[in-house]
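Protein chains: 2
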Amino acid sequence: MDAHRPDTVLGMSLAGRRCLVLGAGGFLGTHLCRALMEQNLPVRGFGRRVLFQDAIEGIEWRQGDFLDAASFPAIVAGCDTVFHLIGATTPSTAETNRVADITANVIPTLKLLDACVANGVRRVIFTSSGGTVYGNFPVMPIPETAPTEPISSYGIAKLTVEKYLAQYQRLYGLEYRILRIANAYGPFQMGTKGQGAIAAFLPRILARQPIEIWGDGHVVRDYAFAADIAAALVSSAAHQGSARVFNIGSGQGHSLIEIVRLIEAIMGAEVRIKWRPARPVDVARNILDIGLAERELNWRPQTSLEDGLRLTLAWMKNRLEG
Amino acid sequence: MDAHRPDTVLGMSLAGRRCLVLGAGGFLGTHLCRALMEQNLPVRGFGRRVLFQDAIEGIEWRQGDFLDAASFPAIVAGCDTVFHLIGATTPSTAETNRVADITANVIPTLKLLDACVANGVRRVIFTSSGGTVYGNFPVMPIPETAPTEPISSYGIAKLTVEKYLAQYQRLYGLEYRILRIANAYGPFQMGTKGQGAIAAFLPRILARQPIEIWGDGHVVRDYAFAADIAAALVSSAAHQGSARVFNIGSGQGHSLIEIVRLIEAIMGAEVRIKWRPARPVDVARNILDIGLAERELNWRPQTSLEDGLRLTLAWMKNRLEG
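Sequence lines, in order, name chains A and B.
Counted the way my numbering counts, the first sequence spans residues 18 to 339.
Counted the way my numbering counts, the second sequence spans residues 18 to 339.
Think of the hints as simulated: they come from the structure by calculation, not from any bench.
Not one of these hints is a red herring.
From chain A, some residues computed to sit far from chain B (all C-beta separations above 12 Å):
1. Trp-78
2. Gly-137
3. Gly-208
4. Gly-258
5. Asp-324
6. Arg-327
Restraint-style ranges between C-beta atoms, simulated for each label pair:
7. B/Gly-137 / A/Asp-85: 35 to 45 Å
8. B/Ala-94 / A/Ile-283: 51 to 61 Å
9. B/Arg-139 / A/Leu-279: 43 to 53 Å
10. B/Gly-137 / A/Phe-69: 49 to 59 Å
Derived contacts from chain A toward chain B, CB cut-off under 8 Å, selection only:
11. Arg-115
12. Glu-166
13. Leu-176
Glycine residues also receive a C-beta, built at the ideal position from the N, C-alpha and C atoms.
Given the sequences, and given the hints that come with them, work out the whole structure.
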C-alpha cells in the first residue's frame, strides 16, 4: 500500500479537483503544495508571502491577507477542497494577546467557511493542534476521544474552530476533516516565529551558538516530519467515512534533551544550552495516538526522527551556506 | 439543611464580601441580586438597563455596555466575587451572526477577566448553557463529564468562554465556577428576545392568542425555576472543592407539549398552537444530571414545575393587568 496515493486507495478520486491551500507559502503549506502537485492536482495557493518560491513553482498563487475576508469568495471559487493551514498567531503570541488571536484566526475562519458554503466548496481540511487541544491529558499516547481541555490560548482558539467546522457540516453539509498535528519539523521551517524547537535549534548549532531551552528540557513532544504530515493532509482530502478528526504525529515521544543529544550524535558536535524558565502554558507531555489515522487514512509516518533530523539539517546547511 | 445559606454550610463565608452582578437588570440577574441581598451581602449591579427597578432596590447600580471594556476596571474594583450573567446574544441571534456573537460575548469576557485579575477579584461565576454545550449527547440525564459537542453557535461561544476561565485560573489564580444552566423560567422573564418558551407562551395564552411551537413539540428540555438557579449561583460563590463545573437544572425532562398541557390544566383553558418548522440547531433532548451540584453545592431545586408555572403565571398576570 502506498500512503501517497489516496486517490486510488480510498474510494474517492481527487483527480482533476482543484485544491486551495491557505498558507501555501509557509512551512507546511510548501510541503502540501508539493504533495498535491505530485498527485497532478491543480493547486491554488493563498497567503501573505511565499517563503520558497522555487519549491512551489507551478501553483496558481494568490497573494492576500487572511484578515481581508472580502477576498474570500473569489479565492475559494472553483475550488473543490480547501486546506486551511493559516495560523496567524503562534502559541507565544496567542498568549500575549488572546483577543488578537481570536480576531486573527477564529473570526476570519468563520468568514472563510461562509465563503466556502456560498461557493460550493466540498470539503475543508483544517490543521488543528494535537500538541495543545488536549491540555494535560495524563495517559499517553492520547487518542482523539480524550477530553479537550487546552491550557493555552492557542489550543482554545484551535478547538473553537473545530467546533464551528462540525457545525457547518451539520447545518450546511460542508464536509471537513480536522488534523490534530503534533510538533511539525522539517525543511522549509524557519524557526523564527517561536514555533518549532528543531528549526530554532539547528541554525544556532550550525553557527556554534548556544541554544535556549525553556524549562528543564524534559517536556516530551511528538515530532512529526513535515512531508509525512503533507501525505496525511492529502489522504484526508479523499477520505470517506464517519471519522473526521485525526491525530497526526509519530506516535512516539521525545524529550528536548533527547532531541539535542540526537542532533549532537548526527553532527558529531557538542551543543551548549542556555536554560530559561518554564512557560506555564506548555504541557508536560504530549504523544499522540495515531492509530485512527493509520487505519482510516491508510497513512503512516515514513520518516524516522533520525532521518528527519538529517534531512532537515542538510536542508538548513544548504540554505545557510548556499 | 438550607440550600439558601451557603455561607454557613459550605466552609467559606461570604459575609461582607462585595458581589458584582453583570446583567443585574435582567431576568436571572434580578433573581440573583435578590438572593444576594437576602444574605445581606453588598451588591453592585452592572448592565445596560434595569427591567424591574423595584425588584432590585438597594443594590449599587452601574449603568454601562458590555462592549465598553474601558469601564471594566472601575466596575470590578473592590468586588470579591463577579457573577457574569451577561449574554449579549440569544441562541437565535448567535446563529444569525456568529462573528457578532464572538465579538459581543467572548471578546468582552476576556477583557473582563483581565480586569478581574488586575483588580484582585477572587472568583468569577459564569452562567454557561447546559442546554447547548453538550449538543446531542444520547444518554439522559447528561453529566458534566459528557463530551462537549455543541451544535449551536450559542453553545460554542459559551464553551469557548469556559475554556478561557479554566486557563485564567491556572495562569493567574483567578478562581471560577461554571454553572451550566438548563432552560430557565420564572418571574421577571420577558420572553421577548426569543429566549424562554414559557415566558413566550404565557402572555399569548393570557391574551387568548395562539402560541407558536417550532418543530413537533416533542423536544424535551430541563426547566429550571429562576429562584432555584439564583440559590445555586449563591452557593457556587462559597463553594470550596476541586469541582468547578456544575449542571443546574431540575434533573427532569418535559416536552413542549407537556408544558402546554400543564399550563392548560393550571389555567383551565385550551391553548391553540401554530406549528412552525423545526430549527436545525435545536437538540432533540436535554436533561441535566444535577447530582454533582446537589452533593457539592448542598443545593437542590425547591420548586416543582407545576408550582413554578403557577408562580410565573401569577407574576405575568399581575404584570399585564397591574
